[in-house]
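Visitor: What follows is the residue order along each chain.
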Amino acid sequence: MTPILLIIPLAFAILTLLLPRNWARATIIPGLVLQVGAAVLLCIQIYHDGPQDYALGDWQAPLGISLIADGFSVTLLALTSLVAALCAVYAQYFLTRYPREQRYFWPLFWFLLAALNGIWLAGDLFNLYVGLELLGLSAVGMVALTAEKTTLKAALDYLYAALFGSLAYLAGVALLYGAYGTLSIVQLSEMAAANPTTQVALGLMTVGLLLKTAIFPLHYWLPPAHGGALAPVSALLSALVVKASFYILALLWLDVGALAVTVNAAQAMGFLGAGAIFWGSWQAFQTRQIKMLVAYSTVAQLGYLMLLFPLAIGVSEAAAHLAWQGTVLHLLAHAFAKAAMFLAVGTLVLALGHGRINDFGGVSQRNPVALFAFGLSAVSLMGLPPSGGFNAKWLLLQSAIASGQWHWFVVMVIGGLLTAAYVFRVFRVSFVQTAKHDIQETHPALQFSALALALMAIGLGFASEIPMSFMNLTDFTPSPGGSP
Amino acid sequence: MTTLLPVFVLATSLITAVLIFVLPERHIRLRIGLNLTAALLKIVLVAVMVAGIANQVDYEFRYELLPGIDLILRADALSMLFAGLSSVLWLFTTVYAIGYLEGAPNRSRFFGFFSLCVASTMGIALAGNLFTFLIFFELLTLSTYPLVVHRGTEESLKAGRTYLQYTLGGGAVLLVGVALMYGLVDQTGSMTEFAETGTLAAIPSEQHFTLAVIFFVLIAGLGVKAALVPLHGWLPIAMVAPAPVSALLHAVAVVKAGAFGIVRVIYNIYGVEFAWQLGVLLPLAILASITIIWGSLRALQQVEVKKRLAYSTVSQVSYIALGACLFGPVGTIGGIVHLLHQGIMKVTLFFCAGNYAETLGIHKIKDLDGAGARMPLTSIAFTLGAFGMIGVPPLAGFISKWYLGIGALDAGMSWVIGVLILSSMLNAGYFLPIVYRLWFKSRREPWPDEHIPRGRFETHGLLLWPTVATAVFSLAAGLFAAHAWSPLSWSSLIAFREYLP
Amino acid sequence: MTLLMYLLHQVPLPLLVIFPLVLVAFVHTNTVRRRGWMLIAAPIPMLLALLLWYGYGQPEFVTEVPWLMLGLHWRIDPALAPILLMTTLLWTAAGTYVWQQLRSGGAEEPHIARYLRCWLLTLTGNIGLLVAGDIASFYTLFALMTFAAFGLVIHTQTKNALFAGKVYIVLAVVGEGLLLSGLIWGAAHAAAGELTPTAPLLTHLPGAIAASAQGVWIALLLFLGFGVKAGLAGLHWWLPLAHPVAPTPASAVLSGAMIKAGLVGWLLTLPLGEFAAGGNFASIASLAVILGLVGAFGAAIMGVFAKKAKAVLAYSSVSQMGMITVMLGTGWLYDAAWEAVFAAIVVFSVHHGFNKGVLFFGVGWVGALSGRAATLILVLLLIPALNLIGVPFSSGEYAKDLFKAVIADLPVGLLYPIFSAGALATTALMLRYFYLLRKT
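Residue numbers (the numbering used here), protein chains in the order written: chain A, 1 to 484; chain B, 485 to 985; chain C, 986 to 1425.
If you are wondering where the hints come from, they were derived from the structure by calculation, not from laboratory data.
Note that the structure is a prediction, hence the values are computed from the model and not measured.
Please note that a few of the clues may not be correct.
[As the list claims (entries may be wrong)] DSS-like mimics (lysine-lysine), calculated; alpha carbons at most 25 angstroms apart, straight line:
1) LYS1293/C - LYS1424/C
2) LYS1293/C - LYS1144/C
3) LYS925/B - LYS1144/C
4) LYS1292/C - LYS1151/C
5) LYS1293/C - LYS1151/C
6) LYS1144/C - LYS1292/C
7) LYS1144/C - LYS850/B
8) LYS1151/C - LYS925/B
9) LYS848/B - LYS1144/C
10) LYS642/B - LYS848/B
11) LYS1424/C - LYS1144/C
12) LYS848/B - LYS925/B
13) LYS850/B - LYS1151/C
14) LYS1292/C - LYS1424/C
15) LYS1151/C - LYS848/B
16) LYS850/B - LYS925/B
[Unchecked claim] Distance windows between CB atoms, simulated:
17) GLN785/B - ALA1262/C: 46 to 54 angstroms
18) TRP969/B - GLY1219/C: 44 to 52 angstroms
19) VAL506/B - LEU17/A: 34 to 42 angstroms
20) TRP969/B - LEU1036/C: 32 to 40 angstroms
21) LEU524/B - ALA1010/C: 24 to 32 angstroms
22) GLU757/B - GLN433/A: 49 to 57 angstroms
23) LEU524/B - ASN1145/C: 52 to 60 angstroms
24) PHE980/B - TRP1052/C: 14 to 22 angstroms
25) LYS149/A - THR521/B: 51 to 59 angstroms
26) PRO589/B - GLN45/A: 48 to 56 angstroms
[Stated by the list, open to error] Here chain B is said to cover these stretches of chain A; the calculated rule only asks that three of the stretch's residues, wherever they fall, bring their Cβ under 8 angstroms from a Cβ of chain B:
27) 363-374
28) 383-392
29) 397-405
30) 417-424
Even glycine gets a Cβ: it sits at the ideal position worked out from N, Cα and C.
Please construct the entire structure, taking both the sequences and the accompanying hints into account.
Guide: What follows is the structure, given as structure tokens:
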């Protein structure tokens, strides 16, 4: 069952690459249905049978390629399929204006999906590297789709960042392999000790991944790339792609290197996160372009993910558990909300013909659904109830209280207010009645796919139990360890 | 049925909100029909529940949101008071708003958020624990913002920004308070459930300091919406909203949500007896008293009708907090009954202010000269509301003050009488000149901007009748105060249950 | 007659009180001149009921409506019934005066409909408060009277009238505030221990105040609160301002009937008689005596320099009320003598109400008539004037003698001659009154 999730996207990637344009379009819907169906089936299977290991071609670790499907990975798989499916629906209508880009969008889309699925399922560090490379390349390709001067520059920056990040990561992997002779996550987590080699390796990998995740202050490439790309691309990148490198980072710190990381290092990661929250929010508050606003919002929101490390390392098991749950929920909620937000913003920009926030007057009359989707996703981003974002924030706050780390508590509360500050800039102008120029109607599918994602972000507030029950199926629980 | 009824009550306005959003702008009749049907249905459902509560039926709906944390919708006597108020006033303000916004743009959005706002107040009324309360409290912020900035003018956008700064800030503080409560005190989730007579009395004394701190954090969060000085700054500025919005905001929605929250925290979380022992009630009572006096003083200085009413709200809403701080059933009755009394009186006053503005273009107090002759029913309603606010019997406000006064004496806080009387005099100081202008000054120049000519009635029927109805209510609430079905009797029932051992 | 008897027992008091309120609804700007009769009709039901009640030997007459307000309890209090009778008669007479004015085309003022409405509202309050037995409804009607009378004071809308209205309303609001705080404070003691205090009866108030540790303060609040209405020296400023500017019949009821409402408030709520035993309230009682004397003589001095006949009458009212205050204070100090003092106070106030009313009407008559008719009126006005002074065989003498008989036996020192000297003050005022009246 498990490998199918890799096979489907790869197969469709090749199909869309080879088939003529009209045929390629016809394969999208069946492909999405297959992909979502397979993800759901896998979820059900895991739910009933528990986590599963799968050795590709029956080659066992440390040599073979092993896939691990546990509660966490299937949750992410399901998330990926859902978000990607809705983005694809959106892209189908959105790209009718971009015939040339459409040609290359779909193969890249499927490669991206394959890379993501590969990362979620990977059981060893090298597979993760492969996934990371594939992901980076397809993402850069998607950013570069429009081939405008600015986006090309952004794509190039992104490419350099991705390559450098991969290199740093690879160096770390090599060090670890040299030291322990295996790259299997399960095996490494038992073997890796707190020695300089491990720590240097982890450090290298962390820097690479921080760069790829665009954590402050290594976020410079993200806003132009995410803000400049086509709307469905931005949605995919912000919602899913950056999460992949964060996922690996979390694996490294909490599982692979659990015995090697220190509390101080974890706190340092937290400070990076806090920096991201403040800097990203401030930039989002300053920018004039709506897509840049959303992109900076991603920078800020990624900061919350970084709080996992100080909140889960070197604290009581209960607090770590809360932090872990909160982070996962935040990851999910942000994925839905940010995808919805980019799609909604894409629609609004399409309708207005520009992205200047201050000239958004009158948009509420012509595109109410898109604006509403933006609003709902903003609710989740701000961490206001009822939404997935709120539940996540709640759990993180509880974790901070439980471990007595009041500085993170304060950071999160202020972060929510900062988010409100920049999000409401958009609402504010949308209430201006008079439009400065013509506003076009947009296809309902564009508006409603955004709304569907936004509703998922809100609905997650009522259905947090589902991902959490899956999380309990993971044998990958944060270790309370960590030497001081 | 007993589990789903609270959900239905909530759903009547929530689903209406969704349907109105979906309905295109041009389906005016359908939207009005939908809105009014839902409002009437809600009143019927609330009435059924009120009858049930009186007969000790439990209405409760539970849904686990997070491990150990439930979303609880539960109806008790106190929640029905608030739910009853908001359902009845929803009907009236909706009728009023239909008349007020006739022909205006964006009505779909307006009525959608209007219903959403009522749904939030309903959720606040029915919330069964702090967590649920917080959810609807924040939802209220979100659903009222679009109403405040509805006009989309530069001024209203600015007001909206101030409104958000205050309310989101307050929401964040409340979140901190609630999170601290769950994280530090209540690991099981049962102590933050609202229970008659409170839940915290059994906490060991070494945690009492923490509890006192959390109390003030919660009050600070709630106090923004309840417009406690110095957190009241948003309220007069939010006056730029259309009149029905101001009416709803001041009478039930926002300020009442804050005041209601304070009552909940004192009575159903801490328990008034425990809070009294903790020593947190006296500071709050002093703060509320300062607010009462300060609001009245500021109201005296205002030259615009709506601004004056706004500061009056600042002052009047704190009576509720003050009543909640008076240890003893009589003070409790006074505070709780004022929740309702202030609502109907203030809604009347705002309707009147809206009528003057819509019919004659009057915004400034000095332009009100002789309006009594031109708009007698509106002016009678205003006079009744104003005298009620002053606390002149037999209007509703008198009953509140009477109980607050006696409650203060029972609690051994006789200085509160001074606050009440001083506030009454200040109220007289800023309301009587208006009443005087209405009835005793004669009109010399034409009205500033007469939109609605005198027809069969002095103004549009949809503007007039809700005004008259709420004025009659504020008279009846005082006149029939001792009747078994009066708000006062219901408040006595609540107080009785709160003080039951 | 059994039918009337039946009616007396079945017709609830509230209907009699509410009747004028119902009439308010029928006042319309267009028809108001033909509806002057309503002012006469308004107090008639109460008057008839009261006469019947006297006719049947003053049976117990109580109406309780527990669901109205904070529990309505209305009764005819035998002790205060004379004041009630005086009040209704005075209102009827004053109503007749207005009716006559309207019929003869007088009262050309533009706001005549408002005037009639305020009249009826004031009347409701004034008559109603005399039968209200529970604190809440008593205060309600008191407030109704206070605020509605504003419309009578400023009716002419002249600059002076507006100023008088301002002073009146400020003092009234202050008075209401003092009053309400006193009533609430007293009620809290009267209702102590009960979970839901419906308003206690007025009759419970004196005992509760006497039993309270802060009783002196409560009593002081009530004394001052009602004092505004009763023209207590220091709180009387509105009287000489309001009376000259108010229409004549309004002045008559203001001075004759409404001013007594303050007195009735004192009589009903203060811890007098047996409750004053032990001298707990001696300080306030002494204050009452002192303020009463100040009022009685100070007002006379001020009144002599007044420029208008009605202002003189207003000062005379302050002066007369000062005497009543002296009586009250004395009775308060010597609780054993209270019964007798109380009777004297009631008689005095009825006597003052009638005579002062007629004197006010006189100002209007003299102004409206000329020649021989005016002279005749002037002569006839000597009767109430002499009554007020208290010449032998007058109601004034009777009333004063009742009190003098009481204090003759008390160790009050100079009070007796001083009180007797009050007649001089009244005489001076009456001389000034006739002087001004003759000039017009």
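Visitor: All hints, please: hold or fail.
Guide: These are the hints, each one checked on the structure:
1. For the proposed pair LYS1293/C and LYS1424/C, the alpha carbon gap of about 10 angstroms is at most 25 angstroms, so the pair holds.
2. Annotation: proposed proximity of LYS1293/C to LYS1144/C holds, straight-line Cα distance about 16 angstroms (limit 25 angstroms).
3. Proposed proximity of LYS925/B and LYS1144/C is supported: the alpha carbons are some 12 angstroms apart, at most 25 angstroms.
4. At most 25 angstroms may separate the alpha-carbon atoms for a hinted pair to count; LYS1292/C and LYS1151/C meet this at roughly 21 angstroms.
5. At roughly 20 angstroms between alpha-carbon atoms, LYS1293/C and LYS1151/C fall within 25 angstroms of each other, so this suggested pair holds.
6. Straight-line distance between C-alpha atoms of LYS1144/C and LYS1292/C comes to about 17 angstroms, which keeps the hinted pair within the 25 angstroms bound.
7. Our distance criterion of 25 angstroms between C-alpha atoms is met by LYS1144/C and LYS850/B, whose separation comes to about 18 angstroms.
8. The straight-line distance between the Cα atoms of LYS1151/C and LYS925/B is roughly 13 angstroms, inside the 25 angstroms bound, and the hint therefore holds.
9. Only pairs whose Cα atoms come within 25 angstroms are accepted, and LYS848/B paired with LYS1144/C is accepted, the gap being roughly 24 angstroms.
10. Restraint check: the Cα-Cα separation between LYS642/B and LYS848/B comes to about 21 angstroms, which is no more than 25 angstroms; the hinted pair holds.
11. Pair hint LYS1424/C plus LYS1144/C holds up; C-alpha atoms about 24 angstroms apart against a cutoff of 25 angstroms.
12. Between LYS848/B and LYS925/B the alpha-carbon distance is near 15 angstroms, which keeps this suggested pair within the 25 angstroms criterion.
13. Restraint check for LYS850/B and LYS1151/C: the C-alpha separation of about 17 angstroms stays at or below 25 angstroms, so the hint holds.
14. Distance hint between LYS1292/C and LYS1424/C is fulfilled; the C-alpha atoms sit about 11 angstroms from each other, no more than 25 angstroms.
15. The hinted pair formed by LYS1151/C and LYS848/B meets the criterion: a straight-line CA distance of about 21 angstroms does not exceed 25 angstroms.
16. With a CA separation close to 10 angstroms, the supplied pair LYS850/B and LYS925/B stays within the 25 angstroms bound.
17. Under the hint 46 to 54 angstroms, the C-beta atoms of GLN785/B and ALA1262/C, about 50 angstroms apart, fit the expected range.
18. Evaluation of the 44 to 52 angstroms hint for TRP969/B and GLY1219/C yields a pass: the beta carbon distance comes to about 46 angstroms.
19. For the pair VAL506/B and LEU17/A, the supplied restraint of 34 to 42 angstroms holds, since their beta-carbon distance comes to about 41 angstroms.
20. Between TRP969/B and LEU1036/C, the C-beta spacing of about 39 angstroms keeps the proposed range 32 to 40 angstroms intact.
21. Range check, LEU524/B to ALA1010/C: about 31 angstroms between beta-carbon atoms, so the 24 to 32 angstroms window is met.
22. The supplied range of 49 to 57 angstroms is met by GLU757/B and GLN433/A, whose beta-carbon atoms lie about 53 angstroms from each other.
23. Restraint check, LEU524/B to ASN1145/C: a C-beta distance of roughly 55 angstroms satisfies the suggested window 52 to 60 angstroms.
24. A hinted range of 14 to 22 angstroms holds for the C-beta pair PHE980/B and TRP1052/C, which are about 18 angstroms apart.
25. For LYS149/A and THR521/B, the hinted distance range of 51 to 59 angstroms is satisfied, since their beta carbons lie about 58 angstroms from each other.
26. At roughly 54 angstroms, the beta carbons of PRO589/B and GLN45/A sit within the given window of 48 to 56 angstroms.
27. With 4 residues carrying a beta carbon less than 8 angstroms from a beta carbon of chain B, the segment 363-374 of chain A meets the three-residue requirement, and the given coverage holds.
28. With a cut-off of 8 angstroms between beta carbons, the segment 383-392 of chain A has 5 residues touching chain B; three or more are needed, and the interface restraint holds.
29. Counting residues of the segment 397-405 of chain A whose CB lies closer than 8 angstroms to any CB of chain B gives 4, which reaches the minimum of 3, so the coverage claim holds.
30. For the segment 417-424 of chain A, the stated coverage by chain B holds: 3 residues have a C-beta nearer than 8 angstroms to a C-beta of that chain, and at least 3 were required.
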